[in-house]
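*Asks:* If you want the building blocks of each chain, they are given just below.
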Amino acid sequence: MTNKVLMTTALASVLGLSAGMASAQEIRFMCSTDGNECEVYEDLLTRFEADNPGVDVIVDIVPYQAILENLPVQLASGNGPDIAKVTDLGGLSEYYLDLAPYVDRDYWESSFGDTLSWYRGPDGGDAINGMHSQLTITGPFVNATLFEQAGVEMPGEGATWEDWAAASRAVAEATGTDFPMAIDRSGHRVAGPAISYGAQLFDADGNAMLVDDGFTAYVEQFVEWNNDGTFARDVWAGQGGATYQDAAQEFINGELVFYYSGSWQVGRMEENIGDFFDWQVVDSPCGPAGACSGMPGGAGIVGFSDTEHPEIVAAIIDFLAQEDIYAEATARTRNLPAHLGVAAAGVDYEGVSAGAQGALNGFAGALPDVSPIAFAYQGYPGNRAMFGITVERLSQAIVGELTVEEAMERAASDLAAAMAEAN
Amino acid sequence: MLQILSPIMRIVEVPMLALQRLLGINKLAWVFLLPNLILFGLFAFLPVILNVSYAMTGGDNVLLADRPNVGLRNFVTLTDCENFLDPNSCREDKFWRAVWNTTWFVTLQVGAMVGFALLTAIILNGKIRARGFFRSVFFFPVLLSPVVVALIWKWILQREGVLNAFLDWTGIGGYNWLVDAQWAFTWSVFISVWAHMGFYTLILLAGLQAIPRDVYEAALMDRASPWRTFRRITLPLLSPTMLVVLVLALIKGVQTFDEIYAFTGGGPGTATTFIIQYIYEEGFAGAPRLFGLAAAASLLVAIVLVILTLIQLWVNRRNVDG
Amino acid sequence: MGKIWDFLTATRGSTRLHWTDWVSYAYLCTGIFLMFGPVVWLVLSSFKTEADLQRFPPTLLPYAQQTVEVDGYDDALPLFVMTAGEYEGMTLAQLRRVGNQAQMIDPLNPEERLRVNIANREPVEEFSLATENYTSLFERFNFLRFFWNSTFITVTATLLMLLVNSMAAFALSKYEFRGRTAVLLLVVGTLMIPQTVVLVPLFLIVTELGMFNSLWGVIIPGAATPTGVFLLRQYMITIPDEILDAARMDKASEWKIFWRIIIPLSAPAIAVLAILAIMWRWNDFLWPLIVLTQTENFTLQLALNSFQGELTTDWSSLLAMTVLTLLPIATVFMFLQKYIATGIASTGGK
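For the record, the sequence lines run as chains B, U and H.
Be aware that the first sequence starts at 1, since it is given in my numbering, and climbs by one per residue.
Be aware that the second sequence starts at 424, since it is given in my numbering, and climbs by one per residue.
Be aware that the third sequence starts at 746, since it is given in my numbering, and climbs by one per residue.
Please keep in mind that the hints were generated in silico from the structure rather than gathered at the bench.
Below, a sample of chain H positions facing chain B; criterion: calculated Cβ distance under 7 angstroms:
#1 G844
#2 N845
#3 F957
#4 Q1039
#5 T1057
Covered by chain H, according to a simulated footprint, are these stretches of chain B (three or more residues, beta-carbon under 8 angstroms):
#6 25-32
#7 142-156
Even glycine gets a Cβ: it sits at the ideal position worked out from N, Cα and C.
The following block holds chain B by itself, in its conformation from the complex (with noise of 0.2 angstroms):
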């Protein structure tokens, strides 16, 4: 009896999909999650689909891994999804549908600004390829409770990564505590302090080059305190490859006083510290070159020019750009704004403690701090080579395999490789 049930509503199931298939105009949209982004994004849809009655969009969960290695590979063989919420930002910009055409130009633009230059690829232009919709922004958080403990002063605003050094090892020899410092396993999150001690990236003619004086300065800084205990050494040396990291595990259970990550950590970190200990985002520590940079990032949704139904697809992602419902996704979200609107609107974010919002907030604020260069990183279709290379070339320092200088050989000709390759 059971049985039969049972197989009913798994037939049902099966025709009733089909049949809703073959009626309306259906399009797909490929989205993978760190939280609750594409479970907000099909109930903001439901709203468009209201409005347009026989578009149906479905929202396909897929893992992250699909996005990165698989999209392309669907997309050059002509069976991509209709839209994709993306990270390689530059690096498909060739498969993306121009919503120039169906859009008001002026108002994205004004909403957008630079960041829609991120989606153009290397040959620039002026097409409207995609709405950021998660903008992040790297910066760390302080274990608060540690520093009132030991009775440290919090180095304030202008402090160096020096400064920082120096208090949280001071804090972490008086409170017992694992680590004074770590930060993520990430090319792009050393970014913001490589630039903050010097490192241009780019040449005078604009073209990609990663070391210089200033990132080998900030290299030699890092491995020396990945060897002397002032960073987490386990994070870079216990992994290997071009694999993610990070340490938010070691800072949730109060083992680490300073922690360089990223704004979307925000949401994890008052989940699972709960009441443990009070924790805070500061300023990112300025470099000796002056600098106090973090790097920004992020997601955004694209649509695809071999889809059947542009001015639909370009009408939803229009739908999920205008200034309310965008402000309502990042509120439920909880990311940052890139549309320049909705941030100096200000967010309310949902259900949310008072720490949290001001972490975000906090995070928020960095955004003037962030360097040009920085920015231009971010937008560079080749900088996925380059976080790549960064952090296999600097986990080898680390562990020993090769000196400073013979990592910093490599990663210049591993560039060089690279770049020759994908021209």
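Put chains U and H on the given structure of chain B with help from the hints.
*Replies:* Chains U and H alone, transformed into the frame defined by chain B:
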């Protein structure tokens, strides 16, 4: 199961009998092979051929038609070394680090895994209670996905993991296993044996079934020692299955990737980076996607594997004949 | 107790335990601890909350902090036991914490507020199953649909593979024909190229054949595994040729020999291959990930891995999903493994 299918099989018998009359018994072999050859040709062999073409091209385009032909350049890049034993002297230092890591890894892993799988299979094949339960015990790790295998062992081995908590409690004191290159490598071998041993145990168990019981009874009558029975009866009669196990273990050992990648990411540094990880990072995960270089590396590996397998087949044949 | 001991020490047939039996049982018990222990722990951990999973060092059982309802407070208050200081040994409920100081009350005497240093307290924890890890899965997914897709792919691909592979293995083991060695080497040879590399060429072939976003795009390429042919062929070699010759004398057709003699005699190897094939298809991830992009075609493994984002992974949901996907296949294994022992001995070579 067989009863359900037998009407279908009786229907199939009619055309098969006609073909048998038409072709003769020995040519009928091709009819038996045909379905497999079609599937195999399309979905296993053709991709390999395409892979060879990719190895001769450069750039980062996906479609073969868009890719410039570069001849043997990818192979030259990979083998550009002053001293093959010192990866730092090679143009693709990461490839050669991976090659040497894989060589060591496979030597240790295949030996340990086949040894333990054989021991386990013989014990599970013996007169023991709750056989089904124990078989499951040894097979369950095979069912876990690589991500989950890596997660469990990270919980156990990380700095604040279960093993260190235990060692602290005993007074020996913990150790930061995964930051030490040698230990990370050793644990990688262990985890890979842990995760795949059940697979080979199962194949060997089936192989042990093919050995007729009366052979053992005769040995028992002769009061042969267990060791002698194993050497003189079990091993020789098991050799066709052992060949499968050794060949598969070697190939899969060289192709070790997912669980170690999820476990250490190939680190610390490049201490547990194996060849497939190199191929994966160059060709798929990294940027730009160098399919050509990845395909060339896979072909170099394949050539080495073919040679090793032929040696295994030859040794096996000589043992059987002798 | 004695009964259990008898059960554990008894051997089938003989009465006395040989020393090898002792060694065997010792080995098997180590096996339970080493091989099965982590799996059991995984199942227990799937009942932990996300915060509990992040904890150092990981606990064996899922715990949650005990709370207490106190009159005059809307929310339940977390309980702590004092480990030092003025109130040592007391169990207090916390009102709020500011910096190093916590404001606590004694649940028995809620009027008086006590100030304590946070270093002097430890949370009171109790065993608690986070069943919401499981229930939320059913709210979030069309679980039944994914289960159906996975089952359909697994069953169809396994049957197809067993039939096709055993036919080929029969030809390669029991016939002498020109090109036999070549075919065999070709089969083994394709094993040498790792799946990671052929993924893209294979994807292009499958889309060319119109099987993109179709379950058949997962089923059919999956049936062409070289391992199966190789495994079955090596087993069929051990079947004596005399049995076949006897059947041929009786005018049995070749198909009948294959179906009535070879297949039953190869039962252990076929059972093993069936187990492996079911496991491969059920756990297959990389290939479905590239072929199937639409929710209505997703398998359980794709749904499971969608908890992995760019920067964070939802481990509690992922573990619960892992356990759910593990259950059916573990059951199938326990059922099929007994056929491994139905070899020549039990079918009697008829």
